Amino acid sequence: MIELKGVRKRFGEQVVLDGVDFVVREGETLALLGPSGTGKSVLLKHINGLIRPDAGKVMVDDQLVTSLKRHELAELRTHIGYVFQNGALFDSMNVFENVRLGLSDENKFNDMAYAEARVAECLKLVNLAPETAEKLPAQLSGGMRKRVGIARAIAGAPKYLLYDEPTSGLDPVNANVIDALVKRLDKELGVTSVMVTHDVRGAFNVADKVALLSEGKIVLQGTPEEFRESTDPKVKAFLERDFESDNSFAA
Amino acid sequence: MESSVIRLPRFVGRLSLGFLAHFGRISLLVVELVRGLAEVRIWVPRMFTEAATVGLGSLPIVVLIAAFAGTVTALQAGYQWQSSLPVYVLGTLITNTIVLELGPVLIGLVLAGRIGARYAAELGTMRVTEQIDALESLGRSPASHLIIPRVLASTLMLPILVIIADVIAVGAGWYFVKQVLPITNSDFAYGARYYWRPFDAYYSVIKAMSFGLAIGLLSCYMGFNTQQGAEGVGKSTTAAIVTSSVVILLLNTLLAKILLNP
Numbered sequence: 001m002i003e004l005k006g007v008r009k010r011f012g013e014q015v016v017l018d019g020v021d022f023v024v025r026e027g028e029t030l031a032l033l034g035p036s037g038t039g040k041s042v043l044l045k046h047i048n049g050l051i052r053p054d055a056g057k058v059m060v061d062d063q064l065v066t067s068l069k070r071h072e073l074a075e076l077r078t079h080i081g082y083v084f085q086n087g088a089l090f091d092s093m094n095v096f097e098n099v100r101l102g103l104s105d106e107n108k109f110n111d112m113a114y115a116e117a118r119v120a121e122c123l124k125l126v127n128l129a130p131e132t133a134e135k136l137p138a139q140l141s142g143g144m145r146k147r148v149g150i151a152r153a154i155a156g157a158p159k160y161l162l163y164d165e166p167t168s169g170l171d172p173v174n175a176n177v178i179d180a181l182v183k184r185l186d187k188e189l190g191v192t193s194v195m196v197t198h199d200v201r202g203a204f205n206v207a208d209k210v211a212l213l214s215e216g217k218i219v220l221q222g223t224p225e226e227f228r229e230s231t232d233p234k235v236k237a238f239l240e241r242d243f244e245s246d247n248s249f250a251a
Numbered sequence: 001m002e003s004s005v006i007r008l009p010r011f012v013g014r015l016s017l018g019f020l021a022h023f024g025r026i027s028l029l030v031v032e033l034v035r036g037l038a039e040v041r042i043w044v045p046r047m048f049t050e051a052a053t054v055g056l057g058s059l060p061i062v063v064l065i066a067a068f069a070g071t072v073t074a075l076q077a078g079y080q081w082q083s084s085l086p087v088y089v090l091g092t093l094i095t096n097t098i099v100l101e102l103g104p105v106l107i108g109l110v111l112a113g114r115i116g117a118r119y120a121a122e123l124g125t126m127r128v129t130e131q132i133d134a135l136e137s138l139g140r141s142p143a144s145h146l147i148i149p150r151v152l153a154s155t156l157m158l159p160i161l162v163i164i165a166d167v168i169a170v171g172a173g174w175y176f177v178k179q180v181l182p183i184t185n186s187d188f189a190y191g192a193r194y195y196w197r198p199f200d201a202y203y204s205v206i207k208a209m210s211f212g213l214a215i216g217l218l219s220c221y222m223g224f225n226t227q228q229g230a231e232g233v234g235k236s237t238t239a240a241i242v243t244s245s246v247v248i249l250l251l252n253t254l255l256a257k258i259l260l261n262p
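First to last, the sequence lines map onto chains A and B. Going by the working numbering, the first sequence opens with residue 1, and the numbers climb by one from there. Going by the working numbering, the second sequence opens with residue 1, and the numbers climb by one from there.
No lab work stands behind these hints: they were computed from the structure. Among the clues, some could well be false.
[Claimed, not checked] Some residues of chain B that are not near chain A, with every Cβ distance over 10 angstroms (derived):
1. 41
2. 77
3. 86
4. 97
5. 110
6. 126
7. 134
8. 135
9. 139
10. 164
11. 230
12. 251
13. 255
14. 259
[To be verified] Stretch by stretch, here's where chain B covers chain A in the computed footprint (C-beta under 8 angstroms, at least three residues):
15. 42-53
16. 72-80
17. 85-91
18. 102-110
Keep in mind it's a predicted model, so treat the numbers as computed, not measured. A virtual CB, placed ideally from N, CA and C, is assigned to each residue, including glycine.
The whole structure should be built from the sequences, with the hints applied where relevant.
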């Protein structure tokens, strides 16, 4: 279980998180919505300890992330796959080496036969052809880079998956492909996921629970139905803005 | 007038705080590096790759600089030469100037630009494209994967490059001094050996190692702490070159005082 209690974070004068509380239970997929620049990615990086809160608690599996020692945090991170917004692939390595680096167990990492089989399995899971393994990140499209990023995140068979804007910068067709992939992986691998996005439609398709981050606080956390029916002005404004942008796009 | 009275201490205060902050962060980085040394299986192969890249990649510029440095030293010695001095002194002058000073300092300053810029830009780009965050999120240590191999590669390769540079520069100096002054090979060799102390060679290598360590550590530190996109990478690359060069000059003075004039 992932639990955040009263998490606060500021960068200089700018307050980004102002007392965030939320819970993600085992097996759930939570979509964290919010306009750009509201601190969704910052919040996600608190979960695996990439960013430390100024105040509040971040708990993963009843472990207080902020109080973990260096090696304990490294160990916890091997159970949390993180999919970065732009893939964050190591550009000097090919796809095989990138995905292999996701094998957190050093023995498995050094066992080349196992690594080759596991990388091939992960690439298949994210619908990438085996030949992709030999390519460099610069030779891949945006959608492929994101899928390689997902393959790397799942290579170590994590218990949790954190997705940072997995569909941003993609055309609607590719965004739907990634949404479907996230949904399928969550089911097939049985992981607990948190997906940061500003794509409401994608979030409703993929997630069991939805939360809206606005002005440093979680305004609402609930099922997609509860979200749609909410009378909270911030939720309504966010949904209306999303559908307006959809209509203008369609027009 | 009153405002400038306030401004100066404020400026000095900010500068001191900035320096202390850098010093603290570099100290923490060094602690991380010492901890990361335990992960031998990670950093050893990467160190050899880095060393090969840094060494072979820098060899052409090192050979070029050494050849020109040796040539110019010989030509200037010829210009300033007084016939009242024994001619074998030229062998001493050229060899000692190159081995004690010109070889390590010139090569150190040039490689501060070449290796320092490369390290800072590589790590800076990795920082702004979240590759370093990605490494940490995989439970892996950036110290053992990225920084230790680079710092050790520059610390070990700089002495090797300086030894090569010393040999080439002395050879070039030997050849060109014979073109401008009536000195024989045996005169030059006699002069070079007459005042030669094995410590001179150790001193050259010690200087080169300390310059290599400074270049590796400072450039990796600057790159690792890059902020704000492409502009940040530019800033940290420039800072890496300038800081490494200044530190090389400071170390050069410090080592001359400690090791040559204790």
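Consistency of the hints with the structure:
Not every Cβ of chain A is farther than 10 angstroms from the Cβ of residue 41(B); the closest lies at roughly 7 angstroms, contradicting the non-interface assignment. At roughly 46 angstroms from the closest C-beta of chain A, the C-beta of residue 77(B) stays outside 10 angstroms, upholding its exclusion from the interface. The beta carbon of residue 86(B) sits about 56 angstroms from the closest Cβ of chain A, which is more than 10 angstroms, so the claim that it is off the interface holds. The Cβ of residue 97(B) sits about 41 angstroms from the closest Cβ of chain A, beyond the 10 angstroms cut-off, so the non-interface label holds.
The Cβ of residue 110(B) lies farther than 10 angstroms from every Cβ of chain A, with a closest approach of about 25 angstroms, so its non-interface assignment holds. Non-interface status of residue 126(B) relative to chain A is broken: a Cβ of that chain comes within 10 angstroms, the nearest being about 8 angstroms off. The beta carbon of residue 134(B) is not kept farther than 10 angstroms from every beta carbon of chain A, the shortest such distance being approximately 4 angstroms. Not every CB of chain A is more than 10 angstroms from the CB of residue 135(B) (nearest about 8 angstroms), against its label as outside the interface.
The beta carbon of residue 139(B) sits about 4 angstroms from the closest Cβ of chain A, which is not more than 10 angstroms, so the claim that it is off the interface is violated. Every Cβ of chain A is farther than 10 angstroms from the Cβ of residue 164(B); the closest lies at roughly 27 angstroms, confirming the non-interface assignment. A cut-off of 10 angstroms between C-beta atoms confirms that residue 230(B) is not in contact with chain A; the least separation is 14 angstroms. With a minimum CB-CB distance of about 31 angstroms to chain A, residue 251(B) clears the 10 angstroms threshold, and the non-interface call stands.
The Cβ of residue 255(B) sits about 35 angstroms from the closest Cβ of chain A, beyond the 10 angstroms cut-off, so the non-interface label holds. Listed as outside the interface, residue 259(B) is consistent with that label: its C-beta sits roughly 37 angstroms from the nearest C-beta of chain A, beyond the 10 angstroms cut-off. With a cut-off of 8 angstroms between beta carbons, the segment 42-53 of chain A has 3 residues touching chain B; three or more are needed, and the interface restraint holds. Given a C-beta distance limit of less than 8 angstroms, the hint that chain B covers the segment 72-80 of chain A holds, as 6 residues qualify and 3 suffice.
Counting residues of the segment 85-91 of chain A whose beta-carbon sits less than 8 angstroms from any beta-carbon of chain B gives 6, enough to reach three: the coverage restraint holds. For a cut-off of 8 angstroms, the count of residues in the segment 102-110 of chain A with a CB near a CB of chain B stands at 4, and the three-residue condition holds.
Checked against the numbered hints given earlier, this structure breaks hints 1, 6, 7, 8, 9; the rest are met.
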